[in-house]
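> Residue numbers (full-length UniProt numbering), protein chains in the order written: chain A, 1 to 242; chain B, 1 to 384.
For the record, the hints were derived by calculation from the structure and aren't laboratory data.
The reader is advised that the hints may include incorrect statements.
A few chain B residues facing chain A, derived, Cβ under 7 Å [said to hold, decoys possible]: (1) E7; (2) L293; (3) A299; (4) R302; (5) A305; (6) I374.
Output of the computed footprint for chain B on chain A, the stretches with three or more beta carbons under 8 Å from beta carbons of chain B [as the list claims (entries may be wrong)]: (7) 60-70; (8) 109-116; (9) 124-138.
In this text, all values refer to a predicted model and were calculated from it rather than measured experimentally.
From the three backbone atoms N, C-alpha and C, an ideal C-beta is built for every residue, glycine too.
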Amino acid sequence: MTSTAMNAAAGTAPALEMHEVTKVYGEGENAITALASATISIGSNEMVALVGPSGSGKTTLLSIAGGLLAPTSGQVIVGGRDISHASPTELTEVRRNTVGFVFQSVNLVPFLTARENLLLVDELRGSRGKQSKARADRLLDELGLSKRLHNLPSQLSGGERQRVAIGRALMNEPALVLFDEPTSALDTQLGEQVMELIQSEVKGRGTAAIIITHDSRMTHWCDRTVRILDGRLQSDELATAG
Amino acid sequence: MFLALREIQRAKVRFILLVLAIGLLVFLVLFQIGLRDGLIGQFIGALRHQSAPVVVFDVQARKNIEGSRIDAGTQAALAQVSGVGRIGRLGESTFTVSNAVSRARATPKDQLVDAVLFGYEVTGPAAGLGAPTTLSKGHMPAGINEAVASERNRADGFDIGDVIHIEPGGADITVVGLAADINYSVSPTLFVSWDTFEAAKRVRNPDATAVLPSVMAVEPAAGVSVGVLVANLAAVPGVVPLSRADAVAQSPGVASVSQSLNTVIGLLVITALMVIGLFILILTVQKSASLTLMRAIGAHRRTLALTLVLQTTVVVLAGVIVGGAMMAAISPLLNSIGVSFDLVQLLVVGAGAIVVGWVGSLGAVLRVLRIEPINATVPQGMLR
Ligand SMILES: Nc1ncnc2c1ncn2[C@@H]1O[C@H](COP(=O)(O)OP(=O)(O)OP(=O)(O)O)[C@@H](O)[C@H]1O
Ligand SMILES: [Mg+2]
Numbered sequence: 001m002t003s004t005a006m007n008a009a010a011g012t013a014p015a016l017e018m019h020e021v022t023k024v025y026g027e028g029e030n031a032i033t034a035l036a037s038a039t040i041s042i043g044s045n046e047m048v049a050l051v052g053p054s055g056s057g058k059t060t061l062l063s064i065a066g067g068l069l070a071p072t073s074g075q076v077i078v079g080g081r082d083i084s085h086a087s088p089t090e091l092t093e094v095r096r097n098t099v100g101f102v103f104q105s106v107n108l109v110p111f112l113t114a115r116e117n118l119l120l121v122d123e124l125r126g127s128r129g130k131q132s133k134a135r136a137d138r139l140l141d142e143l144g145l146s147k148r149l150h151n152l153p154s155q156l157s158g159g160e161r162q163r164v165a166i167g168r169a170l171m172n173e174p175a176l177v178l179f180d181e182p183t184s185a186l187d188t189q190l191g192e193q194v195m196e197l198i199q200s201e202v203k204g205r206g207t208a209a210i211i212i213t214h215d216s217r218m219t220h221w222c223d224r225t226v227r228i229l230d231g232r233l234q235s236d237e238l239a240t241a242g
Numbered sequence: 001m002f003l004a005l006r007e008i009q010r011a012k013v014r015f016i017l018l019v020l021a022i023g024l025l026v027f028l029v030l031f032q033i034g035l036r037d038g039l040i041g042q043f044i045g046a047l048r049h050q051s052a053p054v055v056v057f058d059v060q061a062r063k064n065i066e067g068s069r070i071d072a073g074t075q076a077a078l079a080q081v082s083g084v085g086r087i088g089r090l091g092e093s094t095f096t097v098s099n100a101v102s103r104a105r106a107t108p109k110d111q112l113v114d115a116v117l118f119g120y121e122v123t124g125p126a127a128g129l130g131a132p133t134t135l136s137k138g139h140m141p142a143g144i145n146e147a148v149a150s151e152r153n154r155a156d157g158f159d160i161g162d163v164i165h166i167e168p169g170g171a172d173i174t175v176v177g178l179a180a181d182i183n184y185s186v187s188p189t190l191f192v193s194w195d196t197f198e199a200a201k202r203v204r205n206p207d208a209t210a211v212l213p214s215v216m217a218v219e220p221a222a223g224v225s226v227g228v229l230v231a232n233l234a235a236v237p238g239v240v241p242l243s244r245a246d247a248v249a250q251s252p253g254v255a256s257v258s259q260s261l262n263t264v265i266g267l268l269v270i271t272a273l274m275v276i277g278l279f280i281l282i283l284t285v286q287k288s289a290s291l292t293l294m295r296a297i298g299a300h301r302r303t304l305a306l307t308l309v310l311q312t313t314v315v316v317l318a319g320v321i322v323g324g325a326m327m328a329a330i331s332p333l334l335n336s337i338g339v340s341f342d343l344v345q346l347l348v349v350g351a352g353a354i355v356v357g358w359v360g361s362l363g364a365v366l367r368v369l370r371i372e373p374i375n376a377t378v379p380q381g382m383l384r
């Protein structure tokens, strides 16, 4: 059964659809094809692991899916909205409302507390007040951070920071959450804990997710694994979830 | 709002230092302006705060009232010029005086001081032309031997009720009113009737055939502008007619004093521009990773730019309050050199400081506008 068929069975629109998406960096002799005719569909409640060697185009795919980067060609539909030809301002709106990001490097604003980093997301969307605070507190509580609400990132451990980042990515109730190597900076045990949290948060919300990982031991938390090599999506296999 | 203020709150020391630096610069600007206006006021306040809109000098005097004399022929010629409404004599001269009566008793009875007398038409068709524009206390001289004195010197024997004796052996002039900022040449100054002035001149020079006015005070006829009147008067040979403001600005000494103090003020403004600009730019560069992250999670360019502008405004406003408070605290000690605290001036300087802050933060704003959200995907330290 293909993933598209699965979604059809579930009766919901896919969170992400990419058709023949190509991304070429640079021009002429220096042109690098980071993504070549990538076609993928991710169901509304599906968690997908994206694995591949360094430089294979994982971050590029994620960036295009999240509206950070415009594709050179092809069609991208996120949360039911075609963003293939969206303007920079429209892409900003997509990032703000439809997707959540956990980046490989900087994820938190250092001069804001854990709770304020979550509230910032709502602030940028122009909503604030009791509801936002309640949602932020609930998320941080689920992530085991209820005692760390008022700590600055510098006062948190690496694992705690990563959990705050996950909370921040979920704060705008996205259709699709994108994780770029969320466990690479953590040891195996912490990595497992974070993956478990990601899985319960994502699954508990009925949200779709793509998780880039180098570590094949982490893929079992996902519904399926997609491999990428030299910008080409390789196989599409169902995993036996956790 | 939330972002801008939170950051200031979390980096208090930095922002307090910036506020203090801006406060100091605002204070220095206020001080220099006060010094400039105070000095100019003490040199030429009498001319600035007299009522005649146009003053006519003798061309030989080079716009200096001390060296100017208008002879009878020229007086008659000026009166004939079209556009002249009223025209009167205005005399200026320095006299040695003593205090016959000083209620303050600050000055010993026999101590001699220099005072400047301005004689204007108290009666006749040009009555009141050349009088002080506003009195802070008392009334205008009604006739002979009465004076309005410069308020700055009230404690030196020039208060209402004090009697000033023209030496040697001249009239006793009673102070009946006070006016702020009517000093001339940093001396105690008395505005008296033309007759009082003429009598004082004759005491000093009994052989003089006629006492000539220093300048002519002129008021345009109804419907005639000051500019037109000045142009018409200029046709009379041997005179230089000037509007009141020009007479003040072009008075010898004033131009050079204000030029040098304006240069200092200009340097302070440039310093403020650099301090604010560099500070905000360094702050922006330091937090560029955070700004990139915010762009990546959906912050619009304008949101981040406005945050920066808001921060600059808050910091500059705080600096203006600090600088204003310093000026208000220190100005009582500076009254003797004519420097005073003026709220309107603070508001004008404050508005200027905010504009300087905005211009200064332009570099940082441009940097914020150029931030690429895609760089959030690049590991730190490897920004493309
Ligand atoms: N802005 C860019 N300009 C030019 N080439 C780029 C740019 N970004 C990525 N590339 C190239 O595109 C290819 C794919 O890069 P990408 O970052 O997507 O790889 P990745 O799979 O995420 O690698 P890693 O596991 O090391 O993070 C690489 O060859 C990279 O050098
Ligand atoms: Mg990558």
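> Now, for every hint given, state plainly whether the structure supports it.
Hint check results:
no., hint, in the structure
1, E7, "holds (5 Å)"
2, L293, "holds (5 Å)"
3, A299, "holds (5 Å)"
4, R302, "violated (10 Å)"
5, A305, "violated (14 Å)"
6, I374, "holds (5 Å)"
7, 60-70, "holds (count 4)"
8, 109-116, "holds (count 5)"
9, 124-138, "holds (count 3)"
Comparing the model with each numbered hint stated earlier shows that hints 4 and 5 do not hold.
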